[in-house]
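Going line by line, the protein sequences match chains Z and V. Per my numbering, the first sequence starts with residue 1, numbered consecutively. Per my numbering, the second sequence starts with residue 1001, numbered consecutively.
Mixed in with the good hints there might be a few duds.
Unchecked claim - Cross-link-like lysine to any residue pairs, in silico, SDA-like; alpha carbons within 20 angstroms at most:
#1 Z:Lys244 / Z:Arg255
#2 Z:Lys346 / Z:Val367
#3 Z:Lys365 / V:Asp1141
#4 Z:Lys365 / V:Ile1140
#5 V:Lys1138 / Z:Val367
#6 Z:Lys232 / Z:Leu202
#7 Z:Lys365 / V:Ser1041
#8 Z:Lys80 / Z:Thr11
#9 V:Lys1138 / Z:Ser366
#10 Z:Lys275 / Z:Asp407
#11 V:Lys1138 / Z:Lys236
#12 Z:Lys23 / Z:Ala39
#13 V:Lys1138 / Z:Val364
#14 Z:Lys408 / Z:Pro2
#15 Z:Lys365 / V:Ala1139
#16 V:Lys1058 / Z:Ala374
#17 Z:Lys365 / V:Arg1121
#18 Z:Lys176 / Z:Ala165
#19 Z:Lys189 / Z:Ser211
Hints are computed from structural coordinates only; laboratory data are not their basis.
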Amino acid sequence: MPIDHWMMFSTFAEQRHFEYPEKGTYQGVVINANMAAYAPAGLAAFLLEKTATATYIIDPLTHAFQHDPEAICNSEGEPKSSIKGLAEAYGEPISTLVGSRPLLPKHFEDRKVLGAFTERCVEFQLDHLRSFMKEADAAKYVDDEIKPPYAVVVPYFFLTETTYADWLPICIDAAKQTCANVGDGGGPKVFTAVVVSQGILLDDSAQEAISDGFSSAALDGYLLWVDDLDEKSASKGELAGLLKLARRLRADGRREVINLHGGYFSILAAGVLGKSALSGVTHAPEFGEFRSVVPVGGGIPIARYYIPSLHTRVRYRDALRMFTAKDSLHSAASFHEGVCDCEKCKEVLANDAANFTLFGESTVKSVRRKHGIARIEFPTTEAKRRCLCHYLQKKRIEYQFAETASDKQLLSDLDSGIQAYQDVAGLEGVAHLQRWKDTLTA
Amino acid sequence: MKTSRSETASASEARVVGGLVRFFTGEGYRVRLEVPNMGQSADVVASRSRWLTFVEAKRHDWRRALRQCQAHQAVADYICVAISLRSVSNALLQEAKDAGYGLIRCDPALQICEWVLQPSRNTKVWPPQRRRLMAAMKAIDYAD
């Protein structure tokens, strides 16, 4: 079974990477609705020019309005422009509440309010970008009719162990309504998003309520997002819970389940080893393999290199420490044999292992801090691009490998990572590979 | 005016660093402060001839200092932890000894530093990274 490889749109600066390593690498692009509201013309051109062979899904981001308004406001306490635009498009009850009070289940007590809101939310996904695509210059070169999204996503809300009982009926009613209105064959599919806290992964009754509840709607699939679930540090219980939830939603392959933020564990789960527990996995050009539902600050950017055998991204300095300890930087040949032989790494090293420093290239800037001026190192744009291209090269290979390799080969690859790095990363540094293996073979 | 805990800590660390500058210059080194190295910053880099000694200074969190020292192995000839505790624990002494790091005890009040353990020569330097560091350090003024 093929694994659908989706990529999340983050910034226009990254748009070239949706054709990297080559056109057709990605099944589709996930676009956040606030971006679609804020920069529709740019996104329309991007979809026409950069992803002609791919499809797209607009994440309606309705959960954004249920959190503390501070999360969607700028430093002046006003709703961010992109959120404000989205709230206007979605109308009541959000347009009144945005930036001042959080959306609560009681605001949808009158199901007519929910019905109208759901309709506007779906209409936004079907029409907003498409109208800009039709007007875009690039549309002249498109032979076919401008495509609708791959699926419309029903308005959804973040479900935790303590809040799912309140929000779930609303999500289910919105799903049923959308399935009745849109899912009449021929048009886009109808998905909902199951966005849950990590606690839900360990709560069997909550999982059952969610999967059983949605099974009553004629949905084609789901976007699945577990709040801030870093597969590298996740426990076996959490990973097993993720698998279980995905399989429940998948309904023996009758429904698609795309993990909105997933790493190599999810890719394995979607492939041969996980018996297609997921139908697809999304990441962002700049990683995005896990993400908090409520956005948190980004901190100082730092160069990170994706270590293929560990299937994880580490700080450049840690990668360097491990590679020198393993003597993998003795020569370019030893690097390509022991670490990575992707096209990007070959291009960057250019037969000289010393060029590995280019992955950590940085500039130093003086930044005013509380206690005076501090010198802060920032990765250069080129260094970030090198790390990113290497990451995207390896990601494509991972999807293909998980799709086509045998169970034995996939497990052996995890074992090789453990053997190759435990002496330099310590047992804790490779433990995630063992946890992934144990969970997928349980 | 009240002084916050972080301000007090910062001032105390600044006194430790001040003591280290005097300590190393007294031993014939030139000293640079806050030298960026692969996304983190070494508190003190003391140079004499072609030899570089990296120092991570902490008031008490020596485990964090030891972690920070790891990155310096790719570029430093000698690596040290400077700590402003009255006494140095056996655990710290043993870990520093095992890693080949030097240990300096600082008295923040008197701004006096003394060697507890001399560092061993670090043999894990990766020359290409060291060359990048040397080029970047030229832009940083000496603190002494």
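### Query
Is Z:Lys23 close enough to Z:Ala39, meaning Cα to Cα at most 20 angstroms?
violated, 24 angstroms
### Task
Could you grab the alpha-carbon distance between Z:Lys189 and Z:Ser211 and see if it respects the 20 angstroms cut-off?
holds, 18 angstroms
### Message
Tell me if the straight-line CA distance from Z:Lys365 to V:Asp1141 falls inside 20 angstroms.
### Response
holds, 14 angstroms
### Task
Please work out if V:Lys1138 and Z:Lys236 have their alpha carbons no farther apart than 20 angstroms.
Not OK: V:Lys1138 and Z:Lys236 at ~49 angstroms, beyond 20 angstroms, violated.
### Query
Going straight from one Cα to the other, do Z:Lys176 and Z:Ala165 come out at no more than 20 angstroms?
Within the cut-off at roughly 17 angstroms; holds.
#### Entry: Pair hint Z:Lys365 and V:Ser1041, alpha-carbon separation not exceeding 20 angstroms
holds, 12 angstroms
### Message
Check the hint pairing Z:Lys365 with V:Ile1140 against an upper bound of 20 angstroms on the C-alpha distance.
### Response
Satisfied, since the Cα-Cα distance of roughly 11 angstroms is no more than 20 angstroms.
### Distance restraint between Z:Lys275 and Z:Asp407, which requires alpha-carbon spacing of 20 angstroms or less
holds, 10 angstroms
### Query
Within a Cα-Cα threshold of 20 angstroms, do Z:Lys80 and Z:Thr11 meet the stated pairing?
It holds: about 16 angstroms lies between the C-alpha atoms, which stays within 20 angstroms.
### Message
For a C-alpha distance cap of 20 angstroms, please report whether V:Lys1138 and Z:Val367 respect it.
### Response
holds, 19 angstroms
### Z:Lys232 paired with Z:Leu202 [C-alpha distance capped at 20 angstroms]
Holds, at about 17 angstroms.
### Message
So if I understand the rule, the pair passes when the alpha-carbon distance is 20 angstroms or less; does Z:Lys244 with Z:Arg255 pass?
### Response
holds, 15 angstroms
Hint compliance for this structure: hints 2, 11, 12 and 17 are broken, all remaining hints hold.
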